[in-house]
Structure formats: C-alpha cells, structure tokens
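Enquirer: Chain residues, written in single-letter form:
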Amino acid sequence: MLYLDGIVKDFGGLRALSHLTVSFEEGQFVGLIGPNGSGKTTLLNCISGIYTPDEGTIRFQNKVISKLKPHRIFQLGIGRTFQISKVFNRLSVLKNLRIPGLTEGRMDVKTIDKRAEEILTAIKLDHLMHEPAASLSGGQKKLLEIGMVMMIDPRFLLLDEPFGGVHPELKSQLEDYLLRLHRAGKTIILISHEMPSVFRICERLVVLDHGTLVIQGSPEAVRTDERVINAYLGGNYEA
Amino acid sequence: MKRLPAFGLLVLAILFPLFYKDYWLYVAVIGLYYALLSSSWSMLAGQVGIISFAHAAFAAVGAYTSAILVIRLQIPIAVGILLGACAAAGFGYLIGALTLRMRGPYLALTTLGFAEIFRIFLTAEYDLTRGSYGLQVPLMFAGNKILIYYTGLGLLVMTLWVLYLILDSKIGLFLQAMREDEDGAATRGVNTVYYRLYAFVITSAFAGLAGGFYAHVVGLVSPRMALISEMGLILAMSIFGGLESLLGAALGAIVLQGLTEYLRTFEEWRLAVFGALVLFTLRFSPEGILPKLYELANAMFHRRSQPVKAGSR
Amino acid sequence: MVIGTLYALMALGLSLIFGVLKLVNFAHGESMMVGGYLYYFLATSFIVHLLGLPLVVALAATVPVLFFFGFILEQTFLRPAYNRQTARYDEYVILVTFTLGIFLQNLALPLFGPYNRQAPAIFKGRIRIGDLIIAGDRLTGAVVAFAVIVVLFIFLYRTYWGKGLRAVSQNPEAAASLGINVPRMRSMAFGIGISLTGIAGALLGQIFLVNPVMGVPFAVKAFVIVVLGGMGSIKGTIVGAFILAVVESFGSILLPDPTRALAYKDAYGLLLLIVTLMFRPQGLFGEKVRRA
Chain A
1 MLYLDGIVKD FGGLRALSHL TVSFEEGQFV GLIGPNGSGK TTLLNCISGI YTPDEGTIRF
61 QNKVISKLKP HRIFQLGIGR TFQISKVFNR LSVLKNLRIP GLTEGRMDVK TIDKRAEEIL
121 TAIKLDHLMH EPAASLSGGQ KKLLEIGMVM MIDPRFLLLD EPFGGVHPEL KSQLEDYLLR
181 LHRAGKTIIL ISHEMPSVFR ICERLVVLDH GTLVIQGSPE AVRTDERVIN AYLGGNYEA
Chain B
1001 MKRLPAFGLL VLAILFPLFY KDYWLYVAVI GLYYALLSSS WSMLAGQVGI ISFAHAAFAA
1061 VGAYTSAILV IRLQIPIAVG ILLGACAAAG FGYLIGALTL RMRGPYLALT TLGFAEIFRI
1121 FLTAEYDLTR GSYGLQVPLM FAGNKILIYY TGLGLLVMTL WVLYLILDSK IGLFLQAMRE
1181 DEDGAATRGV NTVYYRLYAF VITSAFAGLA GGFYAHVVGL VSPRMALISE MGLILAMSIF
1241 GGLESLLGAA LGAIVLQGLT EYLRTFEEWR LAVFGALVLF TLRFSPEGIL PKLYELANAM
1301 FHRRSQPVKA GSR
Chain C
2001 MVIGTLYALM ALGLSLIFGV LKLVNFAHGE SMMVGGYLYY FLATSFIVHL LGLPLVVALA
2061 ATVPVLFFFG FILEQTFLRP AYNRQTARYD EYVILVTFTL GIFLQNLALP LFGPYNRQAP
2121 AIFKGRIRIG DLIIAGDRLT GAVVAFAVIV VLFIFLYRTY WGKGLRAVSQ NPEAAASLGI
2181 NVPRMRSMAF GIGISLTGIA GALLGQIFLV NPVMGVPFAV KAFVIVVLGG MGSIKGTIVG
2241 AFILAVVESF GSILLPDPTR ALAYKDAYGL LLLIVTLMFR PQGLFGEKVR RA
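Protein chains in written order, with the numbering used here: chain A, 1 to 239; chain B, 1001 to 1313; chain C, 2001 to 2292.
No lab work stands behind these hints, which were simulated from the structure alone.
Computed from a predicted model, the values in this text were never measured in an experiment.
Relax, there's no trap hidden among the hints.
List of simulated lysine-lysine pairs, DSBU-like, C-alpha gap at most 30 Å:
{"id": "1", "chain 1": "A", "residue 1": "Lys-124", "chain 2": "B", "residue 2": "Lys-1170"}
{"id": "2", "chain 1": "A", "residue 1": "Lys-124", "chain 2": "A", "residue 2": "Lys-86"}
{"id": "3", "chain 1": "B", "residue 1": "Lys-1170", "chain 2": "A", "residue 2": "Lys-67"}
{"id": "4", "chain 1": "B", "residue 1": "Lys-1170", "chain 2": "A", "residue 2": "Lys-86"}
{"id": "5", "chain 1": "A", "residue 1": "Lys-114", "chain 2": "B", "residue 2": "Lys-1170"}
Construct the entire structure; sequences and hints are all you get.
Expert: Below you can see the structure in the form of structure tokens.
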C-alpha cells in the first residue's frame, strides 16, 4: 500500500537515497536495517514529508504523497517517531497527547482525553499524565512518542530506533506492545540497530546501504546473506 | 491566570481617572498604547517563539493608514482605526509568508529589514506622508482625555481577552507546540504554515489597532513610530513584565511608562536605563521582573496569614 | 577594491561569531560604533599628551580593549545561558544581543551627544595610482584592513588557538573530547569578533564620521555580506564583501537620481538581504541546515 519508486534524495554533494524502489504491503511488520548513513532515517523523512524527494514518487493507497506536507501525511494515517525523541518538553504528557488528537479533527475534547488516558494506561505512563514531558526518562519519552502517534489510530507506523537507550525490561514490554499493534492490523516499519529485537519481531527485513536496496526478505534469509554481512563490514549480530 | 489580582487591577484602572487628571491621564494613555504593543508582541515572541522586530512598524502601518484615510477621505475615526488594523494584518500576512521557512535569527533579521525599509518608505514618500514632518491627525473625541482613556483601556482589555482566549484554545496549544518543536508539531498533524500565518496576522492586527489608536490620541504620526528604538522599548517592556505572560507584558509597559515620567529629567538616558534593566532581567531573571515581584508579594502575603513558626524571623 | 577590503573586515567579525558561537550578533553595528569612539578618544588624547606617536598606535591600542570588552560580554551574558542549555537559547541570544545594541547606542547618545566627530585620519593626503586618485584615509583603511585580515588568517590556520576555534565551529562536541576548552574558545571568538568589528569601526570612523548611530548602515551591509557569502564561512564573507562593493559602485552609476532614489539607497541593501534570506539562506558558501 506504500510504494516508493525510484526515490533520489541529495544533500549538497551527498546522495542519501539512490533510485530506491521498495514497497510495503498493509499489515506487514518490516524491519529497516543497514549500517549508519545508509539512508534509513532519510527514507522515513521522505515518507513522512519532512523531506521532498528530488526524484521519484511515493504512493500511499494510490495517492501520490511525495510532495505533501508532514501534517497532511500524518492525517492520512502515517505516524512517525524519531531517533531523538521529539516530544514537547514544556507541555504536560497529557497535552502532548492532546495535540495529535486535536489535529485529527473529528474528536471532541472529552473523547480525546479519554483516548489519551487509555493509551497512557496501555503504555503505563498514566501516573505521569500531568508532568511536563521534560521530566520523563529517555525510554519513557520514546513510549510517549508512540502514544502520540497512536492517538489517531494510524494504519502505518514509522518508528525510528524505538529501542534506543531503553532499558531491557521496558524493551520487552515495548516489543510486546508493537506485536499487539501488529496483530491488530497495523503496518509497522521499524528502524533499529537492536538486531535481537529486530529478528524477534519483524517478519520481513529491508536492508539499505549507501542509499540503495541491498536485499529484502525474511529475517533468516537476510541474516545469512553475504551482502548484508559485507554491508555491515563484519559486524557482530547474533540472533 | 491570576484571576483575582487581575480583576483588582482592572478596578484600579477604571477608577484611575477619578484621581489623576490631564497630564497623568495622558501618560496613562500612552502607557496603554505600549501595553497593547507589548502584549501582542509577547504573544508572538513568548508564546509562539517568533521574535519579530517589525512590530513597531506594524503599529506605524496602522497609524498611517488610519491617518491618511481619515484626512483624505474624511471617514470616521473608528473606521480608520479598524482599517489600520486590517492593513497591519495584511502586512503581517506578507511578512509571515516571506519568513515561512526561516527560523530564529534569520527571521528576526528579515523583520528588522522590513521595519527599516518601511520606515525609509515613510520618510521618502513625501507626497503621501510628508516625510519626517509627519502628518497632523484629527483627535478622537475632540481630545477628551477621559473618553480616550476609557477607549484605550477597553481596547487593552479586549486585546488581552481575545489573546487569552486563543491561548487557551486548541490553537494556543498548537502554537506552543510549534514553539517547542516546529517539525515535531508538523509531524503530529499541526498545519504549521497556517498557524504561523495566523499568529503573524493576529498579532500584527493588534499592533495596527494600537497604532491607529495612538494616531488619534497624539494627533501626529511620524516615521519615528517605526524606529528600531521603539522596538527596543517594546522589547524592554515585555521582557521586564514577563515575556511569557501577556498580562505581565502589558503591566511591564505601564510600569515602564510610569518610570519614564519619573525619569523626565534624564529622558535621554531612558533607553540606556531600560536597556540595562533588560540585560539584567535576561541574565538573572529571564521570566521577567514583575512575575518575580508578584511571587515575592504572594510569599510574603501567605507567610503573614500563617502562624509564625518558631525560629523564623 | 579599497572599499571591498574594508567591508570584508567589517563583516568578518560577524561571521566569526556566528561560526563559533552559532549566533547572530545583533549588536554588530554598535560594536563598530564602540570601536569608532574608542579610536577617536585615544587618537585625540594621544595627540595632546604624547606627541609624535603615530595614530596607528592609537588604533592598535583599541584592539586589546575591544577584545577584553567582547570577552567579558560573552562571559557575562552568553555563557550562563549556554551552560544552562536553556531550550530558549536561540531566542535568548537574539534578545540579548539586540538589547545590548540598543543599550550601547542609547548610552552613547546622551554620553557623547548626537554630533558627528571627525576622527583624525591616519594618513592624510591623496595618492595617485595611474588614473585613480585614492584618498589617504581610505587607503590606510584598506591597508590596515588587509593587514588585519592576513593576521587573522595566519591566526586561524597556523596557531593552536586558531585551529581550536575552527574545530569548535565545526563540531563542538568533538572539539571538547579532543581536550579543547570550548567555553573559553567561545569567549575568545566573541572577543576577537568584537575586536575585528571595532577596528573596522575605527577605520570607518576616520574615513567618515563618528556618531552614536554610525554603525547602523554599516551593520546592514555587514549582514548582507555575511548572508550573501554564507554565515560562518570566512571565504564566503570575503567574496560577499567584494560583490557588495562592486554592486554599490555600479549601482550608483546606474540609478537616475531624484531625491527619492537617494533616500531609498539604504533600502536596496535591506531588500537584497531579505531576498537572499528567502531564497538562498545559506548564501554562496554556507552550510545548508539539515532538519530532523
């Protein structure tokens, strides 16, 4: 349902994405992996509208979204989290959640607050509802980000390093939560360096290197493929 | 928002003309003008996080528009002022659109440039504006200071009321989110382009309103309204009174305007003194001096109404 | 050519401060004014007290004062905000530097009066080079400016401190991990930036006039240059300076001249500034800022 066709993205002299063509079917749980600088975050930025691709088109449910602004893409049902959590620090946790709820346009304040409470309970942050987001730990901010995205019940979730800096107990909780979302029908595209988690929960992997698609397939197939290992230059990733 | 003290201040303000006449009334009216400017500027700077140096220029837009229309087309003053606000809103939209992709210092620089260009325009277009001589403008209510005062007070109350309404609404939340993280806000569905323009249009409309009011109170509009040092005054008043509080900024204006009167003999040092005050505030009390004083007063008030604990004092 | 060198010096301070501290110094014009007055007072008092000393010494004496001035300013106002990592840092520095400018300007006005003063030219008379006649004061201005720029380059590229500054401008965290005292570098950079600007102000003062608002038109030019050439790029600033100098000298030939065009003279620079900021904010050589 999300098709990327010949995407090129340049920054000055650097080509971050090079004629990238890949598609994501609805309901999949995809892991987007590759060494640093391979263009994973750039890809997410292009999909979520923060960057506009220099060449190529991005189609979502037969609608061309390559040139849409980020808020439109969010409203279409593609939610995104960031490698370095982008929460609204000086606003309370509840207000952070209210914002995507309010932009959705169809919910009234009571519904929004109720939904926010449900989500906060699901991610176990409800006791911090009125605290400023700045007082949250790194891992809690990541959860909050996911909560914010869930406010609009998106079809697609783009998660950039959701496990980064999260301590192990929280990590397994997070994995369970994502699996539950997947079972409920959501499509998840996940960038991560946490290979054990990736192999555990993703059903399909897409490997990027230097802005191009190296290989895609099931975790087992990808793990043993020589090209992937070369791309990581002999990195040590155990499943 | 501090309801009770604000209401108390309003009562004081309403009773003001009973005790102070003529000269001090006039000073208060000028203070109201600056309060209008400071509160609208602090909405943009303190709440949305956009620092614009074009605010005084927007006031000048309102003033000159009203002045020229009233003089040339003989329209009623109230209509003139309203049209002045609209003109300023239009310019606000223009600046907002030009600076859509700009952040921080680049945006500030652009607004600075615009303000100066406008001031040069006012000085240069002699046929329209009589250049640096300025235009003589009919006074509202034929100069009746009491009526003028209450109009100004009414405008200020309305402005603060509207701005607070906006801040408490979902728009206010979006603007605050944009201040924290504009890209983050956009990715959560906030139409940042629209709300940026919205912020510019609303705040510059109020600046234009203030300018129009000023024109028909002072009776003279001159390019000096758009001087960067006027901007400095607005800045000083807002920061002193509390950049993140609209009411604070308004009060800051009134306090500093009053201070100006006491400094009459040293008038040429006014901006130097204010400048030093602002630097001090920014360095040691960035949330403003008035809020700090308010907290102190609050603390002392509460301590007095509680039994004295052993060992304190 | 001559004006270009002066412009370059005038804009380099701004560029350096942006490059290392990542902030726009809105008190740029007033820094020039400070330099101008400093030189004026030193030069005129020197003549009275210590006869026989060339005015260049007066100029040189302004340097440590300006450096010290800038250094202290950074320590007092900018450092604390930077350390506290306030989320409002960007807004704060705009407000602080702008207020500083207003303060200095309005301190100078009552202190020195709004009158123009003529700072003594370092070399009087004119020099003839082929068909061109260049006034002595402008020539000295350009020569001194050139010398200062050369010294600056040597400093930035050959000395430890200079390299440190360049490191901090590129990547403060990496610089810190290499043992460079980043906060001190920032103060130094600000001090140097103010010195450069002040010297430019002094030189311009001895060519034109010294008064409390002298910095304003030059500050506009400096902003245009730095934005055109690219904030933080030394190379770009120099190129931008010469572009502006050339455009100005040709511009004055092209325009028909009713009084209005003259009044709008300053507006053209501002317009150029706005247009550049709108369409190519990174200028010719600056870095493009990546988002997210």
